[in-house]
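Engineer: Under this note's numbering, the first residue of the sequence shown is numbered -6, with each subsequent residue one higher.
There's no promise every hint is true.
Here are the computed lysine-lysine pairs in the DSS-like style, where the Cα-Cα straight-line distance is at most 25 angstroms [claimed, not checked]: (1) Lys338 - Lys303; (2) Lys589 - Lys631; (3) Lys833 - Lys883; (4) Lys303 - Lys319; (5) Lys970 - Lys985; (6) Lys589 - Lys546.
By construction, these hints were calculated from the structure, which means they are not laboratory data.
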Amino acid sequence: MIRVPAFQGIAPRLLVWLVVALVASSFGRSAFASDETREIQRKLWVLGLSSEELDGRDSRALRDDIARFMSDHGKTFTTEEDAVGLLDQSIKEKIHEAVGPYDNAQPFDRPSFSNDLISNLEISYNDNIVLAGDCNNIARFRLDSGMPLKSFMQISGQHFTYNSFSKKIACLATWSGQNKGVHVVDSTSGISNDYVRIPGMSDFTFGKIASVPVNSVVWVLSDGGVWSVDLATRDVRELDRITQKIMPGELFVSADGSIVAVSFLDLERHRDEIRVYDASSGRRLTGTTEYFSTFSLSRDGRYYYVLTKKASEIHDSRSGNIVFTKEFEDGEAPYEQVAFSSGDKSLHFVNNSGSVSSIFQWDFETGEVRNISHFPSTGTELRIDEERGEIYTVGSDGVFRYRLTTGEPLIPRTAVRRLALDAGAVSLDGSVAIGIAGRAAYVLDTQTGQMRTLHFEDCNVSKSGELSAAVELADFIEDEHVAMACDDGSIRELDLTNGKVRLIANFPKEQAKDIRVSPDGRYIAARYSEYSPKTTNTLLVAEATTGRIVLKKTFSGWLAAFNFVDGGSSILYGLDHFAIVQSLATGRAVSRQELKLETTRSGNRTRWYWGVVKWIIPDTPSDAALLGVGGSGGLIYKYESGKFTLLSGQLAAGKKSADETAQASRASRLGGNRLVSLKGNKPVTAVVGADNYSSEHDVAGANVLALAQQRQGRFLAITDVGDFLLYDVGKPEPILRTVLSENGNWLTRIEGGYFGGTREAAENLFLAPSLNETVTIDSFFNTLYRPDLVAAVASGGIGEQKVGEGPTISTLLKGGLPPTVTIVSPAGDSVADKETIVAKATVTASTGGIGRIEWRVNGIVRVARTLPPSVTGEGESVEIEDSLLLEPGKNVLELSVFNSSNGIASSPATSNISWAATGASVSPRLFVLAVGINDYWDSRLTLKFAANDAADLIHSFEVAGADFFDGVKTWLVTDQKATRGGIDLAFDEIAKQIRSTDVFVLFVAGHGKTEDGRYYFIPYDFKYSDAGSFSEQGINQDDWQHWLTRVATRKSLLMFDTCESGTLTLERTTRGFDRLAALDRLTRATGRSVLAASSDDGPALEGFQGHGVFAYSVMEGLGAADPNRTGLIQVTALASYVGARVPDLSFGKFGIRQVPQMKLIGEDFAVGRTVNTLANPSEDFVPIQPTHVVIAVAAVTDERGSVVGDSLQPGTLVRVVRTEAARVEVAREGKRIGFVSPSALAPMQ
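Put together the whole structure using the sequences plus the hints.
Structural biologist: Written out as structure tokens, the structure is:
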């Protein structure tokens, strides 16, 4: 049915004048002319003001539609011309509202298609647009970049075509009853534009519609015949009447619109049929009733192709004669995705072989078939554009383009699809939320917004189609352990700390339909259903630790919701129209409540309807259990100590809120008698018994798998499309949204557009500043990537107040959109003859002008510079060129350009080029730059070991690389030399000598500062005046990026060992995630692997064996980080060693666990051979943490057994260092004190 477009943003004053005019015309004026009337009908329909058919008939109903709206707004008018003009003005306003720019950019996900099935696919090269899906959800993409645009939603109809001549989308649709035709939509706004009825069309369910760009005509094949519809004139012409019942097959129109060809299955005669028509005269040219499986028309309409049982045949379209034929081997014939070549001399077709698809060409004259290219099997629908030499694929993974002759990807980035979940659960304290899909669990720390993925074996969780959205296939046993209903019927426990799965119990072969865990984690209840020979429901309760069944009940009636009550000692369940409480100890019913709803009362007679239990909330130490009863109304009961008490509902005060809350599919407690429940998929909160909802919130957007409190005043919802939503009762929209994608990718975003998560997820979530503009979330990485602010909002911490202080999406978009970028040279898949090339690109300014450009080669930033401000006009282009250094082998070039404010980056353009290094191979050398500052200009910043660590690290790398590299070159920059100029000078010297085959190591030690997700290294000459001193004088990521673009090699390791200078501002900087943001930004800015160890108490962590803990661990790792005993130290092994060693040493020595952060990218490489250069190895180090307590007076002896010092008294805490026969060596506060008898000690719990 045609839907009346929603009335939005129409100027009431304008339309009121119109209505008065039309009303006046009904009192003495003549009726509108037919064309005028239809046009007014159409405009009213476009504005959502009328549902009258567009038949051109003046009627009272039509005038009433206008009068009703106008009179509501109290407006007047004078002439009919004014009325029509005001309608036009209102339509213009509606289009402007639909197209934008929007006040707030609208987020959207990559379009997906159910089961990857695409009903319609339209590609227009000239309009740079791809349309896919069906009329209810038309996905839109840019053809040049594959970038999705905001979809057109809820347009009535099914099959569609895009007519590029008129810029209209035409959908086969029905207005009402037998009135079927074409629903016309404006492709630039998504607004319904017209509806044209097709007389004689009876059913369009499987109909086809097509058009070509030479005119405004669309062609329709459906039950009843073939028609042409002119979208400009609304003329409908019947080309052919088909009287028999058919199943439409294909509909093709030649590029010039002269030939129309259709295929269909005759359901009465059970045969296939092809008919070819002359479009201008409607004359049928030819046809065939031969069985065939594939049919296609050549672009010029000269030939058509059919695959019959016998052979592949090329027919003349006008005569039907076979002009070429070929018999293929089984499975090799062109059976899908075929395209005629220009000049109709050959046929291209695709064969799919798993992950790779192949393009074949059949030459008609010679009969030769050759494989011309291969390309990845992306998408589910494919088109071949032989004229432009390209292949297009479309699916839930996005839009891809490939070069026809080579298979080279022209849109190389692989899309990441959203992840569907089968189960969800929230821990009792709300700190952990989990989503499960198959054999993977996605664990959200609700206090930080961070997500991690666990893959497990021995259990597959899958939600079958028969399960409602209200079931729970997972529930927390405790905060780190989850019970899961596996599809083999078993219940298993997942340990969230390590991903291990433990069998709890094997039950029936089929998956449990619902499970619940008692609040104390002692019992697990599950419901199983059988449907043969009759339907039964079984409720099983088992011990969580042993799997022993303590209760088993089988019912022939409907077993509704169930949950634990009485502190977990009983289970409450709904059976038909009763609520029953069963004791787990005795198996007997403790209490029973009949559930009846009063609906009508007449005199002394009352009519009752039965209710069923919809949800149960277990009791807590402070609150009684609650249950909701739904049916024709709703009741909420309290259950406590064996007694049911009606709290609210129709038998009490008949409150609407209580009525709807009771009938909700899910409900959870927010504290006391305040509940959160679902109104459809819309979360609402209410106090039991209140007249109204306390709060109503934005819809979750999909089926909700879990709904629970996170903390006071906040609740979580988990949906089956991979959304984790955190709501605050004071705000309608979620304050935090985590989105899951394939392969463990995720993104969490908050108000203002700040986000944290993986790059792949950020590249596949989008913002629409307007209907026809799109930017990725990742385009804002440099400004809005703030996992620290995400964590602050998630936890409700003090950092939450910082949200919105900096740039937001809205403020950044006011600076305009980034430019579009095209790499001109080198062309894709080219080969270079030397190491350095000149890359050229065209940059076209959008609304935001052009700012900084970044060239990357294999991920390494090679050029970072800002263009002159002269190029700022929208649509203006500038040609840029830069020299880029290549590596031997394949090189992936990537160019990104920011807008003029450098706040938003463009989507990157890419190109591939190979360089085969000629001549003798060059042995790699090791380059080491170490920066360390002890004696700052500001004496308050003095450190003890930073400069020494820099020198010692250089020595360690010199020794490690001496026998492995063809030379080791070092630069040591310390104290007074460690200024911006001094570091720049060192990089300048390195840049003159280093080659792409060399290895580079950077070590930086001193003071650092992390502010708003950005890292600043404090140079020697830093002078603090106020909070802005750090950004003004500190060495930031742009400085490091600039210096590192001059370092030719990709094999680089950057190490930062800095303490945060909180003492200067008398406050500590934001910990943890603020530094994570800085680390990720630094890694992205440079394209290099980074190891960083920052501490708020840096000076306290110096002095470990004469070094900082981080530097000591690196030097120790150069002798120990060789797990495979190769004698070499690989970067990944060194990083792993340091990552584990630093927390152990810092906690053991100082009681402060310093956790280094690392981002390793690119290939692994060696930094030298294993060496031991430490003067004071850590064998004598004893952690300060105690392991045992003295339980009896213990004499302390030395190595020889002589008593030394005082005896240890009971209650003394010690650490066992080593055990020898009948005695153990112990230490206190990190110092060895001697040996004692092991019988005098007990391990600490």
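Engineer: It remains to establish, for every hint, whether it holds in the given structure.
Structural biologist: Going through the hints against the structure:
1. Lys338 - Lys303: Status holds; Cα separation ~22 angstroms.
2. Lys589 - Lys631: 15 angstroms, holds
3. Lys833 - Lys883: Holds. Lysine 833 to lysine 883 sits at ~18 angstroms (cutoff 25 angstroms).
4. Lys303 - Lys319: 9 angstroms, holds
5. Lys970 - Lys985: The hint holds at about 20 angstroms.
6. Lys589 - Lys546: This hinted pair holds, its Cα atoms lying about 24 angstroms apart.
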